Structures are given as C-alpha cells and as structure tokens.
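Each protein sequence line maps, in turn, to chains A and B. Using my numbering, read the first sequence as starting at 1 and increasing by one per residue. Using my numbering, read the second sequence as starting at 1 and increasing by one per residue.
Quick caveat, the hints were computed from the structure, so don't treat them as lab data. Since the structure is predicted, the reported quantities are computational estimates derived from the model, not experimental observations. Errors might be hidden in some of the hints.
[Claimed, not checked] Covered stretches of chain B (in silico footprint by chain A; criterion: 3 or more residues with CB under 8 angstroms from a CB of chain A, positions within the stretch not fixed): (1) 57-70; (2) 183-197; (3) 224-233; (4) 265-274.
[Claimed, not checked] To be clear about the criterion: a stretch of chain A counts as covered by chain B if any three or more of its residues have a C-beta under 8 angstroms from a C-beta of chain B, and this derived list gives those stretches: (5) 5-16; (6) 58-65; (7) 72-85; (8) 134-147; (9) 156-164.
Just so it is clear, CB atoms sit at the ideal spot from N, CA and C, and this is done for glycine as well.
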Amino acid sequence: MSTAEIEKQWTTRLRKRAHGHLPPEKLLPDTQPAYVSSWIYVFGVTTIAALVMVILSGIILALRGPQWWHSSSVGHFVNSTHLWSVEIFFFAMIVHLWGKFFMAAWRGGRSLTWVTGVVTFLTSVGTAFTGYVSQTNFDSQWISTQAKDGINATGVGSIFNVLNLGQMLMWHIVLLPLAAVILTAVHVLLVRVKGVVPPFEETNGASK
Amino acid sequence: MKTKPFRPDVDAPEYKGAYAPYDIIKEGTIAIVVVGLLVVLLATLFGSPDERAITIKAWSNADPIDFATTALGELNGTTITAQYGAPYNTAAPGQNLGPLRLAQFAGVTIPVNTVRDFVINPLSSLPYDRSLSAALTAWKGASASQQGTWVSNYTKGATKMTWSNGIISDPASNTGPVPTMINKLTAMARSGALDQALVTGNGFYTTNYTKPLLFVADGTYLANLAQKQHLLGSQWGMMNETGSYPGQAWLWLYTFWYQVSPFSSSSNADLQVSAVMGLLSLLLLLLPFIPGLRSIPRKLKVYRLIWREYYNG
C-alpha cells in the first residue's frame, strides 16, 4: 500500500484531524493563562466531580434494583448519596452557567461550547425529573401524576408516559445519562480545543 | 484584504499575557475527593426522604367515602381522567395555544376508559359472587341511557353517602346495579385486590402503573396528603419533595409561572407555561447569536469581579 493510499484512509485522516485540533498538550495542559484565577472556575470541575458521584451512586443502586433502597439501610444511604450528588451537581452547574454568562464565554468561536453546556443542563433537568418519578414512593406518585398534565398538554405525553415506571426508569438510567455524559465529554473537549475565554479588552475602563 | 471589525460580544481578544502552572489531573482528583466527602457528609447528616407509596387499599380503608365517590365518578364520567382528553380518551379537546391543540393532534395513544378499566373489568375479575354477577349482567345488558339514569340517580344521593359496617349506603332510588357495583368495588379495594387488578390487566409482568396512578389521582386522598407535605402546585409543589429537602430547586422558574397571572387562572396554563419555558430555554441556548442579549454581560461588568486580578494589573 502506498503512502498516498494510507494518507487517504479514514482512520489516518481522523487521527490527523483530532491531533491537529487537540494535541496532547491541549488535551492535558500543564499551564493555563494567568487570568484563570477566580473561584468561579472551580464550579466547572465541581460539576464534573458531582456527575462522577451521581453515576457511581446510581451504579450501586442499579446493582440491587429500583426498590432495594426502601428496605435496606445501606440502600437508603446510597440513595441519599445519589440525592446529594444531584443537588451539588445542579448547584455547581448553575453557578458555572451564570459565571460563563457573566464572562460572555461564547466569545472567540466558543458558541458551540455554550450551546453544548446549555443542552447538557436541559438534559440533566430531564434526567433528574425521570429519577424523581422512578423512586417508587409517595414522591414519585405525586410528582408523576402532577407532571403528566404539563407533558400531556404539549403532546409529548403521547409517547413519553410519566406514569409508566418502566419507561421512566429506562430513560433515567440509560438514555438520558448516556446523553448527559456524551454531551459533557463534548463540552469539555470543546473547552480544551478552544481554551478558556480571555477577559474583555478594556480601554480607559470601558470594554471594547 | 479588508479585515472584519472586532465585535466585543462575539470575538475575543488574543491573549498575549503570562501563563501559570496548571495540573488538570490533580485538580480533577481533588474535586472528586472533596465532592465525594461532602456527599457522604450530607447523606449522613440529612439522609433522603422516602414516604411510602400509598395504595388503593390504604386509601379505601382510610377514606372509603372518598374512594366510593371517586369510583362513582369513574362510572359517570366526571373524574379528571374520565374528562381528560388525549392521550387517554377523546372526552375533551385538551389545552390549546391559539389554534394549536398539540395533545389532540398527538392523539389517544394510552387509551383509558374509566368505566371499563376502573370499574367493570376489575369487578369482572373477582371470583363468582351471585349479587355481583347479577349486577354486572344488568349493567352490561342495559342501554347507555338506562346506565346513565342509574348512575345519575345514585350521584344525586352521593352527598349523603354513608359508610357503616363495611357498607356504602346512598339514599337515592332507581339506581339499578350501581350500589352493588360500588360496594363490591369498595370491598375489592379495601382487600388490596383492586391494586393488583389495575396493574395486571396486561399480563403477569408489568412496569406500567398508569391506571392505578390515574385512579388514585382522581380522588382527594392523595392531594390531601400532598397538601400536608407542601406539594400542591399552589405551594410551589413542582420543585418540592416530601420533608424538608431541597427537591428540584432548579425548576423554580417553571414553578414560578404557575403562581402568577395570567397562568395562575388559565385553563391552558400547562401548555402556556411549557411554551414560555420552551422559549426561554431557546433564548438561553441561542444567546451567543442574539444581538443585544449577548451584550448584557459586557454592560453589566460583573466580569470585572471575576477577572479583578487581571484588570488590577
């Protein structure tokens, strides 16, 4: 096989493209611009750390099935860690989102990073909601019977039945987490490709 | 070649300043450890809520009159489910946003006939009972008009319905088989058999609780318990959960719209609020592309707090 043929291979082209956009020093940087020195930057990595905890606690709950935590003190504790991971996840994510808004972090060709972040947030809201209606307790009874009206009114209820435990559980533990994790990965890779947005340039105190 | 003018809300200046050491792996590891410890601490201190699900058995034993009244409503088509419309039935056109009736357009995909699914089928699944069998035969053999007359007469006396010695009594007359059906269904519910009958209608295995949940939600028992747990819509219930837990606080804006006019009194509130939230979500998503909105951060100057070290030199 000639070199020209190898160069035309999909694999070769993909590798070169990936390497061009995201060389190792960009993927795993050892320095960063000096302006990245605010506490607000902590909330991005905190969101990811909380997501890791959400997934870990969710995996443990999945090992024993959806009703284990009602009858086991260990299960109830794992459920509690799942709940608080989610609360921290959303707190950190929302602070992160506001921080990025105030920085206008979409500047400099970073609009797709913003878009993937917002889509991840909306997907996470759906993931949490399907979790709340899959708890198989009073909360899930009440939340599902109330939420059905909002979802049915939009027509979505015709295919997304919040009263169907099996359907909601599948969305909660397979489809939506998969989407959230993939979106988060794309979001983080975009941050690495484009870097952290620089401050506004100001002239005599006025931003330009 | 003409260069494009610099747009401060779209373009970012090229950074030519200093760089500082950054250990991304160490940062991630520390974050996971700290968050992990915080999660364990919060879980240990506060736990998580787990109020047991209510059953139709518990409901009908705690409040047999409410159960019987609801069952009567399912029979005469006056409950929320019976009058719902799509996706359960065609009893109502559903909510609209101008000419848009999205639920109706999507159609009846989860058919629920409250007379058949909540009363007749469960009663028909019971072991043979002479009075029940006679009542069901009379009901099935009657015309719709006759059934309507019986149910209507029974409903007139429903406000004086009493519960004594395991019997629901209604002073109304010319009610045909309705008293027997209501009493047998109440007894079935109190034994726990109705819980099973409603979920096993589609076979041995099931993960679909649509029918029992709709039936339970048609009564007032569930709502009364929810009110005590501050879960009603008027109590910002959409973002709450039982006990003193944060719940889905991120739904505060969604819940907010239900508290204010015109949504608080609108019969189309669910669709209207969904439309408002859909629009706001779209604006958030497309913020980088919307002139004016994307300038807000630059004009607010909160960024000066974030990058204060940078601006202070």
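Structure-based check of all given hints:
1. With 0 residues having a beta carbon nearer than 8 angstroms to a beta carbon of chain A, the region 57-70 of chain B misses the requirement of three or more and the stated coverage is violated.
2. Chain A is given as covering the region 183-197 of chain B, and this is violated because 0 residues of the stretch bring a CB closer than 8 angstroms to a CB of that chain, at least three being needed.
3. With a cut-off of 8 angstroms between beta carbons, the region 224-233 of chain B has 5 residues touching chain A; three or more are needed, and the interface restraint holds.
4. Taking a C-beta to C-beta cut-off of 8 angstroms, the region 265-274 of chain B contributes 5 residues in contact with chain A, enough for the three needed, and the coverage statement holds.
5. Three residues within the 8 angstroms Cβ limit are the bar, and the region 5-16 of chain A against chain B gives 0, so the coverage statement is violated.
6. Residues of the region 58-65 of chain A with a Cβ under 8 angstroms from some Cβ of chain B number 0, which does not satisfy the need for three, so the listed coverage is violated.
7. Given a C-beta distance limit of less than 8 angstroms, the hint that chain B covers the region 72-85 of chain A holds, as 9 residues qualify and 3 suffice.
8. A count of 13 residues in the region 134-147 of chain A with a Cβ less than 8 angstroms from any Cβ of chain B is obtained; the coverage claim is therefore met, three being the minimum.
9. Figure legend: the region 156-164 of chain A, annotated as covered by chain B; annotation consistent (7 residues with Cβ-Cβ distances under 8 angstroms, at least 3 required).
Going through the hint list in order, the structure does not satisfy hints 1, 2, 5, 6.
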